[in-house]
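**Q** Taken in sequence, the protein lines are chains A and B.
Just so you know, numbering that gives the first Met the number 0 puts 176 at position 177 of the first sequence, and the rest follows in order with no gaps.
Just so you know, numbering that gives the first Met the number 0 puts 109 at position 110 of the second sequence, and the rest follows in order with no gaps.
It should be emphasised that the hints constitute simulated quantities derived from the structure, not laboratory data.
Everything numeric in this text was worked out from a predicted model, so none of it was measured.
We treat Cβ as the ideally placed atom computed from N, Cα and C, and that holds for glycine.
Hints are not guaranteed to be accurate.
[As the list claims (entries may be wrong)] Result set (DSSO-like, lysine-lysine): computed pairs, CA atoms no more than 27 Å apart in a straight line: (1) Lys9/B with Lys106/B; (2) Lys54/B with Lys52/A; (3) Lys307/A with Lys288/A; (4) Lys184/B with Lys216/B; (5) Lys106/B with Lys163/A; (6) Lys216/B with Lys54/B.
[Stated by the list, open to error] What the simulated footprint calls covered on chain A by chain B, stretch by stretch (three residues with Cβ under 8 Å from a Cβ of chain B suffice, anywhere in the stretch; the number is not a length): (7) 177-187; (8) 200-211; (9) 217-228; (10) 346-359.
[To be verified] Per the computed footprint, the stretches of chain B lying under chain A, defined by three or more beta-carbons under 8 Å from a beta-carbon of chain A, are: (11) 82-90; (12) 148-162.
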Amino acid sequence: MADLSRRPDPEELLRRVQAEERRERRGRLKVFLGYAPRVGKSFRMFDEGRRRKERGEDVVVGSVQGDVTPDIQAILSQLELVPTIPERYAGREYQVVDLAGLFRRHPQFCLIDGLASDNPPGSRNPQRWQDVENLLGRGIGVITAVNVQHIRERQDDVARVTGKRAAYSVPEAFLIDADDIEVVDAPPEALLGRGDQTGLPDARQLAELRELALVLAANVVDRQLQGYLTSHGIAATWGVQERILVCLTPRSNAAPMLRSGRRNARRFHGALLAAYVEQENLDPEDRRKLEANLDLARELEAEVHCLKGGDLVDAILAFAREQHVTQVFLGHTQRDKPRWFSRSPIDRLIEEAVDFDLRLFPHGDRA
Amino acid sequence: MSAERKGRLKIYLGYAAGVGKTYRMLDEAQALRAEGADIVIGYFEAHGRGDTIAKTEGLETVPRRAVSYGGSQFEEMDTEAVLRRRPAVALVDEFAHTNVPGAGREKRWQDVRALLDAGIDVLTTMNVQHLESLNDQVWRVTGVRVRETVPDWVVDEAEEAVFVDLTPQALRNRIERGVVYAPEKARRAMDNFFTETNLTALREIAMRHAAHEAEDKLRPATARAPSGRRERILICLTGSPSSAILIRRGKRMADYLQADCIAVHVSGPAGREREAVERHMSFARNLRIETHVVDGPGVAAAIAGFARDQRITQIFMGRPGPRPVWKRLHESVVQQVVRQARDKQITIVAQRG
């Protein structure tokens with residue numbers, strides 16, 4: 000999930016400003032994110048439509064998915080419907096969102112169920128989420144619902160859990176660009192007790208999918224938070240996410256630090272960074288060791304940074320602050336005796352590290 | 000009173016007042032009632048919200064108990080009456096609530112445990128910021144120190160936790176429309192705690208916590224350190240006020256890494272610190288951390304020795320406070336431990352003030 004956890008760079012800020020401008024003309028997008036079928040996404044989506052209509056907003060339904068439960072049917076009877084157009088292609092039935100009809104009708108909000116559907120060849124767009132983009136582009140707000148199983152970038156995770164890949168998928172960027180994302184949660188047990196069980200993952204798989212959905216939502220929310228802080232000129236030194244920085248030197252016993260950092264980052268669903276301070280005149284042996292440590296860092300999917308600037312402690316402190324780091328990992332000094340009047344880098348870090356935890360690692364292999 | 004089967008606890012978890020926890024809980028209560036379950040309301044806080052009150056229709060309520068304190072009347076759940084009524088399921092709002100002194104148990108979660116012990120299933124609601132382990136993080140992010148907290152082990156006993164989500168914007172709209180608080184209180188809430196940044200950050204904390212809980216249910220009971228040994232975390236307690244942060248951080252780390260967690264204090268000459276140390280020790284025990292006291296002579300040597308005897312893998316210590324220049328000629332206790340326990344991982348915990 001490194002793509003979501005990185006802090007904004009200038010390119011990204013530019014993209015954000017452009018997105019802001021685009022957003023002013025675009026309709027609002029709200030996505031209900033669930034972790035499995037029958038978790039209640041569609042109900043929540045249509046119920047929101049009903050409430051908006053009761054408050055006087057102009058809401059229509061653009062697509063309805065699958066078997067409609069009685070409680071959803073009760074809501075639908077109160078809402079205006081622009082029906083999907085049934086099409087047949089190569090023996091398969093498709094339901095295509097009536098874009099032309101919706102453009103003509105031009106409501107404030109359109110409810111689109113079954114976001115991860117595809118359209119038959121020859122349609123305006125291959126997939127329904129692209130239809131939604133068109134609606135938003137015309138200034139029509141969209142409320143829609145999707146399962147984590149249908150997010151393209153999560154397909155590897157999903158396949159690891161269920162052994163299956165979804166046939167059609169929605170790019171994660173679609174979620175990141177949404178104005179609002181809301182999680183629809185229910186305990187896995189409740190899903191298992193309900194109706195037809197065919198094709199539904201088992202309890203363990205459901206729990207793992209649930210975790211995936213919640214972490215995905217948290218990462219999207221983290222993006223929104225950072226975006227909000229940046230656009231309001233608020234410099235936050237804190238973060239909600241654990242961000243672990245492993246400091247590497249040629250002599251450090253990197254493997255246990257990096258492995259522990261990776262494990263920590265995984266357990267906290269946080270980010271792992273590794274940094275070294277650029278040193279000139281490294282002898283070839285040290286250069287080789289440093290390279291090996293950096294290779295290991297990359298192998299463990301750490302984001303590797305090279306810090307410029309002479310003083311080790313100052314460089315680490317500045318970088319940690321800039322990156323909202325919450326834990327810094329460093330090797331113990333090899334010196335046995337304290338040296339009077341000249342404090343070691345570790346002593347200085349202990350005294351100056353106010354914002355993050357400092358964890359010192361033994362030099363041996365015993366950690 | 001002890002039943003053959005302990006009741007099951009289900010928690011509706013949110014990130015702020017007004018996201019719809021109570022509403023979702025009542026929804027479930029109505030579904031259970033429709034299925035014929037014997038369900039009662041033990042405690043329910045309406046906050047004058049019409050749609051929520053409508054959801055209680057047809058549900059039996061056990062009347063609350065009046066408690067007078069400091070010349071005023073308060074109402075608490077009548078736990079003994081619920082126990083006598085003995086329903087299959089009881090609905091108890093606001094899990095983190097602190098009872099008025101003299102009302103029996105100190106905390107509502109203790110009342111709930113009494114119901115569970117009697118074999119009654121309980122549905123309850125809670126905001127994530129009331130979790131003890133998240134107290135510092137919430138403080139750091141929002142500037143608010145939440146006073147009513149629930150130890151994590153109590154919440155971990157829940158069989159199910161359901162995350163109730165709402166976007167911060169929708170929540171702020173609800174507050175603006177007066178759905179959550181009375182108008183004057185709503186304005187104050189919006190300006191202080193319920194800012195968009197605070198709500199977004201709390202929501203992210205809640206999502207990450209819910210994800211962690213979901214994952215936790217999947218894992219085997221024990222985890223191993225990379226070396227194959229079980230991780231053992233030692234928290235070094237002093238009388239310093241920052242010890243509370245240190246305890247929460249060490250315990251949170253231990254919980255996430257499924258490590259053992261113990262606390263030690265090196266007793267010095269009896270003095271003014273004793274009371275503070277005792278308070279920290281009892282706080283640690285409340286979080287189910289095993290506590291020890293060892294004797295000097297040297298603090299660092301005692302910690303290093305204890306860590307060796309207890310096969311500790313990680314030592315957690317607070318940052319040494321600012322020291323005058325002349326004292327820097329001598330090493331701080333932290334620096335001494337760093338030097339004397341060099342085969343251990345040592346974490347110096349930030350104060351995050």
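**Q** Are the hints correct? Go through all of them and say.
**A** Quick rundown of the hints versus the structure:
About 18 Å separates the Cα atoms of Lys9/B and Lys106/B, which keeps this hinted pair within 27 Å; it holds. For the proposed pair Lys54/B and Lys52/A, the alpha carbon gap of about 21 Å is at most 27 Å, so the pair holds. Between the alpha carbons of Lys307/A and Lys288/A the distance comes to roughly 19 Å, so the proposed pair stays at or under 27 Å and holds. As the CA atoms of Lys184/B and Lys216/B are separated by approximately 39 Å, the hinted pair breaks the 27 Å bound.
A hinted pair counts as satisfied when its Cα atoms are at most 27 Å apart, and Lys106/B with Lys163/A does not qualify at roughly 47 Å. A threshold of 27 Å between alpha carbons decides the hint, and for Lys216/B with Lys54/B the separation of about 31 Å lies outside it, so the pair is violated. Residue count for the segment 177-187 of chain A with a Cβ under 8 Å from a Cβ of chain B: 8. That meets the three needed, and the coverage hint holds. Beta-carbon proximity to chain B at under 8 Å applies to 5 residues in the segment 200-211 of chain A; the threshold of 3 is reached and the given coverage holds.
Beta-carbon proximity to chain B at under 8 Å applies to 7 residues in the segment 217-228 of chain A; the threshold of 3 is reached and the given coverage holds. For the segment 346-359 of chain A, the stated coverage by chain B is satisfied: 11 residues place a CB nearer than 8 Å to a CB of that chain, which reaches the threshold of 3. Residues of the segment 82-90 of chain B with a Cβ under 8 Å from some Cβ of chain A number 0, which does not satisfy the need for three, so the listed coverage is violated. Under the rule that three or more residues need a Cβ within less than 8 Å of chain A, the assignment of the segment 148-162 of chain B holds, with 4 such residues.
The structure does not agree with the numbered hints 4, 5, 6, 11 stated previously, though it agrees with the rest.
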